[in-house]
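All chains, full assembly: derive it from the sequences and hints.
Chains as they are written, first to last, in the numbering used here: chain A, 16 to 113; chain B, 7 to 397.
What the hints contain is simulated information worked out from the structure, not anything from laboratory work. Among the clues, some could well be false.
Derived list of chain B stretches under chain A, where covered just means 3 residues or more per stretch with a C-beta under 8 angstroms from a C-beta of chain A [unchecked claim]: (1) 67-80; (2) 101-114; (3) 363-377.
Going by beta-carbon spacing under 8 angstroms, a handful of chain A positions derived as facing chain B [as the list claims (entries may be wrong)]: (4) L28; (5) K60; (6) G61; (7) T62; (8) A67; (9) R72; (10) F74; (11) L75; (12) Q81; (13) P103; (14) V107.
In this text, a Cβ means the ideal position worked out from N, Cα and C, and glycines have one as well.
Single-letter residue listing:
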Amino acid sequence: MIRVVLPYHLRNLAGVESEVTVEVDGEVTIAAVLDALEARYPVLKGTIRDHATGRRRPFLRFFACQHDFSQDSMEVLLPAEVVFGAEPFLVVGSLAGG
Amino acid sequence: MAAVRVLVGTRKGAFILTSDAGRRRWKVKGPFFGGWEIYHIKGSPADPDRIYASQSSSWFGQIIQRSSDGGRSWETPGGGPTVSSDGMPQGESNKFVYDTSQTGAPLGTHQWYDGTQHPWEFRRVWHLEPSPGDPDTVYAGVEDAALFRSTDGGRTWHELAGLRGHRSASQWSPGAGGMGLHTILIDPSRPERIFVAISAAGAFRTDDGGETWRPINRGLKSDYIPDPDAEVGHCVHRIAMHPSRPNVLFMQKHWDVMRSDDAGDSWYEVSGNLPSDFGYPIEVHAHDPETVYVIPIKSDSEHYPPKGRLRVYRSRTGGNDWEPLTKGLPQRNCYVNVLRDAMAIDSLDPCGVYFGTTGGQVYASADAGDSWKPIVRDLPAVLSVEVQTLS
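What follows is the structure, encoded as structure tokens:
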């Protein structure tokens, strides 16, 4: 069970209150987690990864276990703490404002 | 009993304003999709309860929302937990991917602000135009400029790539707000004829339902274009048409108010005595196709009304002779703007005229512009205003 924490607007869009959980078969990569997330919440397709390129949208970042995965390949393996649900995978919107 | 529903898109959500035919007392509902930019929200002429909204964000991209009950509830078409036949999740109502299969050419580039070539990149839907005859068919004008169509109620979108595939496309360039396709006019007597306008490429027309397109910019003059006969490159802000007379078009260009009597084949200027011929929206009276409305803005360097006086100008002669409409509008210290999609006309008699400002006011006139009142004063900056006349 993978725990995923989404930013406010994506939680609203998906109709969820707090963090969500997804199941991933096979290797737990960023791409696999996002695939599972979009399979469960299709409305999120295109909101985290660009529809055309599949790349992370520019104003979003990925974190887990105090590590910034934003610049890593989508195929990078996530830490065991994420795989076993001890730590969440965080999708974070870049800050705007003063 | 007739009623009116005004659909307002703002920088921070959508609002729905309703009144009876008297148009004196209004109910305000919203925000819907709070915190998101709603570039446009428009109802289907074929089914007024069907409404489409373009919801977007720099962070999360494009969402399409759809209501089938007049805005009481909303859904992202196809966004539910369904799985397609190939096992992949659906949820493609926000998938606007440029189509290269129809043109047979790579995606290509268009001109950037500095004159260099720039790859085509989808950013957002600027305008949604539901079909006059089918509530499940809707057109989307997007940035970077292209026209998409959905025939399944917004679940999936397909580009009418003949437009972007026009040989002039590499010369199209963005206006200050981006290279958006913002005007979509469907000829009600001949639905295969569609007019579109792009900032800053100009106006285009198809006569075959979107397969082929041609620029219709003859007669437009733009000081920043060295070639006086330039086929494209004109910053068209808005085009309006009366449904009873689809060959007559009125245009608010970046500068100049223009008119065409031959479906865009040629244009001539009708700015006449306007205090400024810069502006964004333009609309035609519901029952008199020679009565036209514009809202002059001082200049493209100062996006506010001349002398701080918010005035709608009305011509009853199809242009050239314009009268200021001031009753009920602020005539001092007003420095708001009115954007291109932020004016609309209802079809009651006398017709109602509505516009929204970047200051968050939505003004309404129930007497064809003679007098005005704010329906609501303190919304986020208004991006679009549409109105539905309900029977």
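Each hint tested on the structure:
Under a criterion of three residues with beta carbons nearer than 8 angstroms to beta carbons of chain A, the stated coverage of the stretch 67-80 of chain B is upheld, 3 such residues being counted. Evaluation of the coverage hint for the stretch 101-114 of chain B: fulfilled, as 4 residues show C-beta separations to chain A shorter than 8 angstroms, against a requirement of three. Look at the stretch 363-377 of chain B against chain A: 0 of its residues bring a Cβ nearer than 8 angstroms to a Cβ of that chain, fewer than three, so the hint is violated. Taken as an interface hint, A:L28 checks out: its beta carbon lies about 7 angstroms from the nearest beta carbon of chain B, inside 8 angstroms.
Hint status for A:K60: holds, given a least beta-carbon distance of 4 angstroms to chain B, under 8 angstroms. A distance limit of 8 angstroms between C-beta atoms decides the matter here; for A:G61 the minimum to chain B is near 5 angstroms, and the interface restraint holds. The interface hint given for A:T62 is met, as the beta carbon of that residue sits about 4 angstroms from the closest beta carbon of chain B, less than 8 angstroms. Because the smallest distance between the Cβ of A:A67 and any Cβ of chain B comes to about 5 angstroms, under 8 angstroms, the interface hint for this residue holds.
Interface restraint check: A:R72 against chain B, minimum CB-CB distance 6 angstroms, threshold 8 angstroms, status holds. Interface restraint check: A:F74 against chain B, minimum CB-CB distance 4 angstroms, threshold 8 angstroms, status holds. The restraint placing A:L75 at the interface with chain B holds, with a minimum CB-CB distance near 6 angstroms, inside the 8 angstroms limit. Checking A:Q81 against chain B: minimum C-beta separation of about 23 angstroms lies over 8 angstroms; hint violated.
With a cut of 8 angstroms, the hint placing A:P103 at the interface with chain B is violated, because the nearest CB-to-CB distance is about 19 angstroms. Because the beta carbon of A:V107 sits about 10 angstroms from the nearest beta carbon in chain B, more than 8 angstroms, this interface hint is broken.
Hints 3, 12, 13, 14, counting from the list given before, are not met by this structure.
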